[in-house]
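Assembling the complex is the task here: the two chains are given apart, and the hints tell you how they should meet.
Chains as they are written, first to last, in our numbering: chain B, 451 to 790; chain W, 2 to 505.
There could be a bad hint or two in this list.
What the hints assert, rightly or not - Not everything, but these chain W residues come out facing chain B in the computed CB check (under 8 Å): (1) S330; (2) P332; (3) I334; (4) F335; (5) F339; (6) I343; (7) L430; (8) L460; (9) V465; (10) L470; (11) A474; (12) M477; (13) G478; (14) S485.
By construction, these hints were calculated from the structure, which means they are not laboratory data.
The beta carbon of each residue, even a glycine, is placed where N, CA and C say it ideally should be.
One-letter residues, chain by chain:
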Amino acid sequence: MSASPSISPAGRRRRPLGRFLARRLCWFLLTLFGVVLAAFLLMRAVRGGPFDGERALDPAIAAAVRARYHLDWPLWRQFAHYIGPFNLDEHGLWGDGSVPFGGALAGDLGPSFKYRDFSVNQILAQSLPISLTLGGAALGLGIALGLGAGALCAWRRGTALDLGLRVLATLGLCLPNFVIAGLLALLFCFELDWLPVAGWGASRHLILPALALALPLAATLARLLRAALLEALAEDHVRTARAKGLSEWQILWRHALRPALLPVVSYLGPASAGILTGSLVIEKLFAIPGTGSFFVMSALNRDYPLSLGVTIVYTALVYALNTLVDLAYGLLDPRLDGTK
Amino acid sequence: MTAGNSDAAAGLRAGSPWERRAAGLAPELEKALQARRRAGLAHGPLGLAWRRLWRTPSARASLLFLALWALLSGLAPLWPLPSPVAMRLSAEPSPPRWPWAPAPDLPQHGELELRPTRRLRCCADDGWAHRAVVEFSLADEPGSGFDPGPTAALLAERLGQVSGRRASAALEALAGGSWRLCLSVPLQERAPGLGDDRGALPGRPGLEARLAADGAFSPRALAALPGAPRLAGLRYHSGTWELSAFDRWLVGWRGRLFGLWQSGPWLGTDAKGRDLLARIVWGSRVSLQVALVAGLCSLTIGLVYGAMAGLIGGRVDNAMMRLVDALYSLPLIFGVIFLVAILNEYRSELASRGIGRLSVFYAVLGAVSWLTMARVVRGQVLRLKRQDFVLALEALGASRMRILFLHLLPNVLPIALVYLTLSVPAVLLYEAFLSFLGLGVEPPQVSWGLLALDGSEALSKLHVFWWLLLFPALAMGSTLLALSLLGDELQAALEPGTGRRDRA
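Chain W with its partners taken away, still in its complex shape (with noise of 0.2 Å):
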């Protein structure tokens, strides 16, 4: 109805007062029936589901949850984190301490909180490249109108002596009138003991021995110089970790928002002085991007292969289905192992070809991970097939393609949808098994098998380190309960006939 039809027929029988008291109702009927159907045509069946999905309390805590990670994981580099590989070496994991507590152990700590910088690129932590990062401390009469340039390039020319490789050099001004100049000396490409993440690293590359015994380093002969630079310290990062454009660019973005600030380690660090709560973050970078990846890697295998099974039937669609069976009751896992394991020899070639080694997890953990997802789907088309506008699809001369492409994967796919968030816990599970067991996710990388793994290791029982295990083990296990609790609700949502999947 709409409103110049009901405005006619309010003209047409405007005679008693009944009707012209209708005829007066007739613009409010008809505003509730135009709000009714905006609502029902904004939301068809995947939007009432999501409403559905949306009042209940435990999906939107889940959904607000997953957002809150995805968040934190998607734009790790613009948080003031400190470097998830960067070590400060200690004899011991050092404990939480909260963000008020005063820190002990960080005697530049006053120097970094001070104006913001748009140098952070090379001073914070951005390093994920081997490299040894020596910083002077300059001295500046304040107004002076000293410029601290040629000192920086002079020192800079001179390391690059010593170490034998280019040093590259960042200058960043500090209140009171002082500089502090950052070199970085690229160190070679898995250098010995720096490239495994397991050797202790202190006086490994040697640079602090030959700094201590070359002449231009001395303090009398810094002191000679413009500026007066000090040696404030040197620190080694460790990794190659080669952040993309993005993340430098958020890394750029992280400078202009927080400056040189960055989180203490609230979560405590491990036995090399890594950072907990940046290694939680940046490992579930990692571990989601996998889970997230290689469930739609088995979201398509089983959507195709259901499919296929399911519209072709017959005698393929047996066979299809016998081969599922058949993988069904063999221990996938000492495939995935198998597998991975044989991969592993081919990596360099791999590599060579562009494809890393999270790529061929992804692609491992997909192939193993299909097979509800093919099963689930064949059911649905099965079902789909012998409903009527199918059968007006084909009596149209529409091809099986189109029609599965078009008409019966789109009524599919919520239900795969279900299956997803069932299979991505299932994924991350498997990511964490096999990185635990050393076949996955390497050293300079992180995630959070690798953190559990640490954790486990770290157990001993002279010092509890409850921490390295307890922290990745709530993430790790809220993360799957908030994908766990969703799935079930969105079954729910979806169809709210059958109940969900098992209430228990």
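Only chain B is shown next, with the shape it has when bound in the complex (with noise of 0.2 Å):
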């Protein structure tokens, strides 16, 4: 399979950092003009826009939005102008000239059909850092405990507390994170009242749901790194430390971690996705004004441009995760060349 890892030779150069990264970059350019081209046709041949209410319009009030929204264009300027970099309107290199440059590529993402007084950017500027911070604390807490509970396991191997951990992944496994958020939320809010329900500003009302986003991760991962554990302590090099007389906490930390947390970092790739994906309900959940629940809103309320571009951003962050994750995996083992 192309995308597993190939073992180079010892005193192989390894391929330029660089390369390997510009190529990265065209796979997204690529990637993400297709998702945008689709998404983009998909949203402007269907019938029924975001201003189709209950009431109809006027007909000169319908044309004024559809000339406010350039929706009279024909398509390919459309298209052309939300992709940028040059701005196809009246104030654009063609027209007056006053703002030159737009579009995507230019790193505007258009009017919220909507949210009538705000752009896309606007929206993103004030929820994106919301569901940054709530989507890092889940990261971070999922890594932890997950690591925590998987070395944990594989260190006090066979006995109670291993298998309790390993019942409680798997259940963790088997819940969807808004079942858990909600038993959560049951338990820490309603039964001990600990804990605020919903709402978002201080400290305490990150807790409960980056830890029902965290839980599902760290189930993953600690099963991940058990397993992973137990076959590094099963090799040789470890058999020599183990000869040499080194303490089972001193193999483990130092000889069994370094190999046994590939597939935990190959994991994180989708490890962020899965973050991102369940950001939307739990933000709902919570009420949460992050950029999960924005997307949502959208997407019911026919809010296109808002939901392309948050598809666009989203997608972007996990690319960029995705390749991080790939040169790190070089970093842990030379052996395997992640930047291939």
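See below:
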């Protein structure tokens, strides 16, 4: 399979990092272009727009609204205007020239259809930090919990602690995160009354949603790390270390952990995508004004520019994280060339 | 070695005592060999895998559990459950009540435990269409030969005049010589307030008010009729769940088996008085159906795509796998939400062509979850392609398609089956996820995702309606757990050498 890293013979010169990054960037741009093109065509082809409400608009007003959002232009022009980098409306390069550049390539994702006074950029600027805080906290928490639990399981393998943690991990994998979130809220907010249910602003608000997002990730990581550690502990160099008289903890920490981290790191790419996905529901559940809740609202409200903008940003995020993971591969195990 | 051969051999070499002894053993040996051959033949690679699977306690437990769910959800109309959409309006959800606890709020409960009737169709909660059911009780002197038919017809006609719609009647004999008459009046499709599941119902259709205002239904006027009918109640059924012919047949059997008896609120009810147990069972129907069909969808796409890529190979294979890689790197859920939102616009067109919302759902979910399957199948095909039997087939002049469909795919199928058991839970989660966001299954129908949504919406500081969240979560979690255990063990059983997926 082309994705599996090849084992390079010792002493072979690594491929330059720059070329790898450039290749990834090319693929990324190609993919993103495909996504944007498909989504754009779909949403322009779809009958009924965001302005078709219960009441039919006055034809003159409808025409004015369509003109305001350039829906009366031919499709190619709309697409070119959206992609950029040249602004094609009356303020653009070919108009009065006051705003020569625009479109996605110039960093402008257009106006929102539903939140009339806001551009997609403004909404993202407002909501993305919230989502990133939540996602980052969840990722950190998930990694910490997962690695801790996995290492603990491998260290104390075969004991009741190991068994209990494994059962917990399996359960964490089998429940959707919104159910976990509900159960956590039931326990900590309603029965024990320790934490606030919903809202955003204080750090107390962050705990529960981050935990709900982190637990499935932690469960997966714990399982992966435990399996990988057990495999690594069966290897020859560990036997040598044991023969040297190192303590079990030292062996685990110094000799087994590094090779065992490989599958864990490779899972971080999908994990970050999973956290972004999970944040859609978690943000809705805990009434957090993050990008995820805006995305769901925009999809329901037919606010296509906003949903497309969020998709672009999230795709870029996931892609960047995947690239980082591939880079980390090479750092962790020089035998594997992640920059292939 | 066959029996005839061994007999002949024994007859030829019956000289020495040792040989005679061997000849005497031959039938036993023959029997043992036959038994072994039978075992070997009846259990080829798949049979052996099955036996290995069945010997594993966790796999057996999950198989039995899943079979139980399949039975429960597939035959849902047969079980004596209340209707999952029939509402009994109350201010707040009622907590679970054990089967043996007395029923406080069911005054008609005593009447319900009467002899089985075949007229269940109208009287019990079989109704998944909007309608009002007006109940009358008719008294009858024992042995007077009272015929309730004319009274029923008269009342149905009057009700038709009041409501402006044709009422249909169902009569049912109760013990002690009384009759129960259920008149059901169809309400308009998507009556304002009725169509949407979230509004409060009482008084909306105004039938109660009209009945009260109409003189023909005053107690005095009713008492003058033969049988002295008494207005016993008015219920509304909301929803557009049309039962299929098979389901209606099951409902008929339910009437024959259980009569009017139905389970109580063992798992509690939600804020609209809908029975949670019934909703979980009926919800499992939708959820499992979506998971299974979408899983099969992804299996088909993945099989065809992966097999094509593996078989054609070369540049085409490379391009096809690049596409899979590219799709892998996208957060596909955004695409799914996008697609579902856009397909919602065309709902009426799709519906007029007989494509329901659920079919759209199957297709969309299947279309995004085939990637892993395609990779696995391609790997398998690449491995198989190099084996000698394929070479032999090619030398014999078998066409590519013949090799693919008759020889490669059957060999790939077991491993694809393993991934099916892994992709079904994924699709189940997707369904719950989308329903939770309001993009999936819609309210007259019910699925586990919707139940989880209801449960988490019902969380509040004042009253902790824990059962609304806990029981759907248990149902979902246990099913997913069983599926993932089964997947792990299936893999271990099919590839005994390689060990388990991740034995964590």
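Would you list, in rising numerical order, the hints stated earlier that this structure does not obey?
-> Structure breaks no hint.
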